[in-house]
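Visitor: From first to last, the protein sequence lines are chains A and B. Okay, so the first sequence: first residue is 0 according to numbering that gives the first Met the number 0, each after it adds one. Okay, so the second sequence: first residue is 0 according to numbering that gives the first Met the number 0, each after it adds one.
Think of the hints as simulated: they come from the structure by calculation, not from any bench. Glycine is no exception: its CB is placed at the ideal position from the N, C-alpha and C atoms. A couple of the hints might just be wrong.
[Stated by the list, open to error] To give an idea of the interface, some chain A residues facing chain B are shown, with a C-beta separation under 7 Å as derived from the structure: (1) T2; (2) T9; (3) M34; (4) G36; (5) I40; (6) P58; (7) V68.
[What the hints assert, rightly or not] Now the stretches of chain A that chain B is said to cover, found in silico as 3 or more residues with beta-carbon under 8 Å: (8) 18-32; (9) 43-57; (10) 70-78; (11) 81-87.
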Amino acid sequence: MSTALVIGITVFVLAAFVGFEVISKVPPTLHTPLMSGANAISGITIIGAVTAAGLGSTPLAQILGLLAVATATVNVVGGFLVTDRMLEMFRSRADRRRDGQ
Amino acid sequence: MTAILYLASAVAFIVGLKRLGSPSTARSGNRIAAIGMLAAVVITLVTEDIVNWWTILAGLAVGAIVGVWAAVRVQMTAMPQMVAAFNGLGGIASALVAATEVVEVDLTALSVDTVVSILLSILIGAITFTGSFIAFGKLQGILPGRPLLFPGQQVLNVLVVLGILGVGVWAGVSGEPTGYWVVGGLSLLLGVLAVVPIGGADMPVVISLLNSFSGLAAAAAGFVIESNPLIIGGALVGAAGLILTFQMTEAMNRSLANVLFAGFGTEGGDGTGEGIADRPVKRATAEDAAISLGYADSVMIVPGYGLAVAQAQHAVRKLADALEGRGAKVHYAIHPVAGRMPGHMNVLLAEADVPYEQLLDLEQADPQFPQTDVVLILGANDVVNPSARDDPSSQIYGMPILNVDRAGTVIVVKRSLSPGFAGIDNPLFYDEKTLMFFADAKEALETTVAALKDL
Numbered sequence: 000m001s002t003a004l005v006i007g008i009t010v011f012v013l014a015a016f017v018g019f020e021v022i023s024k025v026p027p028t029l030h031t032p033l034m035s036g037a038n039a040i041s042g043i044t045i046i047g048a049v050t051a052a053g054l055g056s057t058p059l060a061q062i063l064g065l066l067a068v069a070t071a072t073v074n075v076v077g078g079f080l081v082t083d084r085m086l087e088m089f090r091s092r093a094d095r096r097r098d099g100q
Numbered sequence: 000m001t002a003i004l005y006l007a008s009a010v011a012f013i014v015g016l017k018r019l020g021s022p023s024t025a026r027s028g029n030r031i032a033a034i035g036m037l038a039a040v041v042i043t044l045v046t047e048d049i050v051n052w053w054t055i056l057a058g059l060a061v062g063a064i065v066g067v068w069a070a071v072r073v074q075m076t077a078m079p080q081m082v083a084a085f086n087g088l089g090g091i092a093s094a095l096v097a098a099t100e101v102v103e104v105d106l107t108a109l110s111v112d113t114v115v116s117i118l119l120s121i122l123i124g125a126i127t128f129t130g131s132f133i134a135f136g137k138l139q140g141i142l143p144g145r146p147l148l149f150p151g152q153q154v155l156n157v158l159v160v161l162g163i164l165g166v167g168v169w170a171g172v173s174g175e176p177t178g179y180w181v182v183g184g185l186s187l188l189l190g191v192l193a194v195v196p197i198g199g200a201d202m203p204v205v206i207s208l209l210n211s212f213s214g215l216a217a218a219a220a221g222f223v224i225e226s227n228p229l230i231i232g233g234a235l236v237g238a239a240g241l242i243l244t245f246q247m248t249e250a251m252n253r254s255l256a257n258v259l260f261a262g263f264g265t266e267g268g269d270g271t272g273e274g275i276a277d278r279p280v281k282r283a284t285a286e287d288a289a290i291s292l293g294y295a296d297s298v299m300i301v302p303g304y305g306l307a308v309a310q311a312q313h314a315v316r317k318l319a320d321a322l323e324g325r326g327a328k329v330h331y332a333i334h335p336v337a338g339r340m341p342g343h344m345n346v347l348l349a350e351a352d353v354p355y356e357q358l359l360d361l362e363q364a365d366p367q368f369p370q371t372d373v374v375l376i377l378g379a380n381d382v383v384n385p386s387a388r389d390d391p392s393s394q395i396y397g398m399p400i401l402n403v404d405r406a407g408t409v410i411v412v413k414r415s416l417s418p419g420f421a422g423i424d425n426p427l428f429y430d431e432k433t434l435m436f437f438a439d440a441k442e443a444l445e446t447t448v449a450a451l452k453d454l
């Protein structure tokens with residue numbers, strides 16, 4: 000096994016544990032925004048897509064890269080935005096309760 | 000230095016996810032994660048020796064326009080299919096990153112590590128893509144929601160998996176690009192085959208699992224291009240999706256394998272049901288419902304997928320307000336798998352500004368039923384089916400349910416007597432304390448509110 004692979008696996012396993020720890024206590028009320036927010040984070044593949052599209056030397060590589068950038072961007076932009084829209088509804092309620100007190 | 004900057008992005012994701020776990024910090028958490036993402040993209044654009052700027056700009060522009068358009072337009076009731084679609088696009092993006100590698104590098108010179116990473120990204124990304132869009136089709140009503148089964152399905156699945164393994168090994172050893180494309184094609188097919196036999200009611204599990212897969216695909220792409228932010232972001236999402244997956248299967252008292260492979264709910268699930276004439280039920284009109292509800296001291300509302308289909312979240316709020324105006328205590332009992340994705344009902348009720356304190360989860364709500372005068376069930380079925388408690392021969396036996404039949408009166412709002420997606424008959428409907436109100440949930444609620452005014 001190469002050093003890069005060992006480091007990669009180490010990072011992966013530790014990050015997965017962090018994920019389990021951070022997320023296991025989320026109340027059911029927030030499950031949908033949590034999922035769409037997490038979904039947007041999985042769009043981090045956008046930086047791989049940008050690299051692929053930006054460095055591609057053949058037309059085919061550029062087409063694949065272009066598609067990768069476009070799909071990852073929909074995932075990232077749409078994902079964060081729709082999560083914000085949902086959380087705005089949750090927030091407005093919390094604010095109103097505070098005002099009422 | 001670049002690695003340190005990327006680390007800052009990864010930290011933003013972790014902090015963001017952490018803050019998404021509490022209502023008061025969730026919105027800022029989402030924004031922190033978004034800023035981390037923007038930073039990661041900027042770092043990449045600055046530090047890589049980009050040559051094809053126009054390609055990148057075109058992709059970013061098209062993606063941003065589509066993403067904003069979809070996020071702004073989507074109805075809250077359609078959130079499960081929206082998340083499914085985004086999952087699928089994230090998955091295919093990761094597969095495409097790996098595919099670009101296949102085109103660009105000398106495949107015969109790659110290490111085993113890289114070959115395996117490329118194949119895994121293509122495999123997981125492609126399954127996530129087609130699997131998510133099949134789920135999207137089922138949720139959007141483009142495809143039938145019931146499980147689609149055909150003879151030899153399991154055999155075909157096994158053959159496809161074996162084909163992926165065989166061709167994958169050949170591609171790695173020979174360095175033939177064709178092998179990678181065949182693996183991609185078979186993986187796309189596998190995604191379709193995997194989700195087609197799963198019924199609509201099991202979608203909360205499927206969406207959670209595909210969410211996890213979209214993360215794993217990103218992590219695999221991270222191994223291909225040796226990028227820590229991809230590995231970290233992917234692992235976080237992989238873990239998050241998996242936690243929700245198991246919370247959902249637990250709420251159904253079923254194993255993940257059973258959800259994925261059992262073709263659950265195919266017996267008698269043709270949607271026509273038993274027929275109203277077969278067994279007597281007590282029918283109710285809006286006036287009957289208004290009388291029951293209007294003189295109750297405590298009312299528990301049990302929302303289900305029917306509420307989302309009918310877009311009735313605002314109508315239910317109006318009814319609750321009217322009942323509270325008459326002095327009743329109103330609560331909502333939300334089963335973990337009500338709706339089509341985890342937390343689906345909570346989002347709908349949040350849209351209608353229902354106060355938090357009125358939302359009860361399974362553990363909080365269930366002990367209240369014996370002291371509840373009237374339970375109003377809006378398009379929920381399997382999660383209130385007493386067979387899960389009483390009938391060991393039932394398909395859903397052992398699933399934790401809301402024991403609504405312990406309340407004084409039960410009003411079931413439903414469009415017809417047909418069984419739910421699981422295709423299982425519900426003895427609750429024939430119980431003598433149950434009133435069946437056959438109507439679309441929104442129409443039923445609006446007519447009941449009107450009838451309450453005349454009491």
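Visitor: Hint by hint, say whether it matches the structure.
Guide: Hints, one by one, checked against the model:
1. T2: With Cβ-Cβ at 11 Å, over 7 Å, it is violated.
2. T9: Hint violated; A/T9 Cβ to chain B Cβ min 10 Å, cut 7 Å.
3. M34: Holds: closest Cβ of chain B sits about 5 Å from A/M34, inside 7 Å.
4. G36: The hint holds - A/G36 has a Cβ within 7 Å of chain B, the shortest such distance being about 5 Å.
5. I40: 5 Å, holds
6. P58: 10 Å, violated
7. V68: 3 Å, holds
8. 18-32: Holds, because 14 residues of the region 18-32 of chain A bring their Cβ atoms closer than 8 Å to Cβ atoms of chain B.
9. 43-57: It holds, with 15 qualifying residues against the three required.
10. 70-78: holds (count 9)
11. 81-87: With 7 residues close enough to chain B, the hint holds.
In terms of the numbered hints stated before, the structure departs from hints 1, 2 and 6, listed from lowest to highest.
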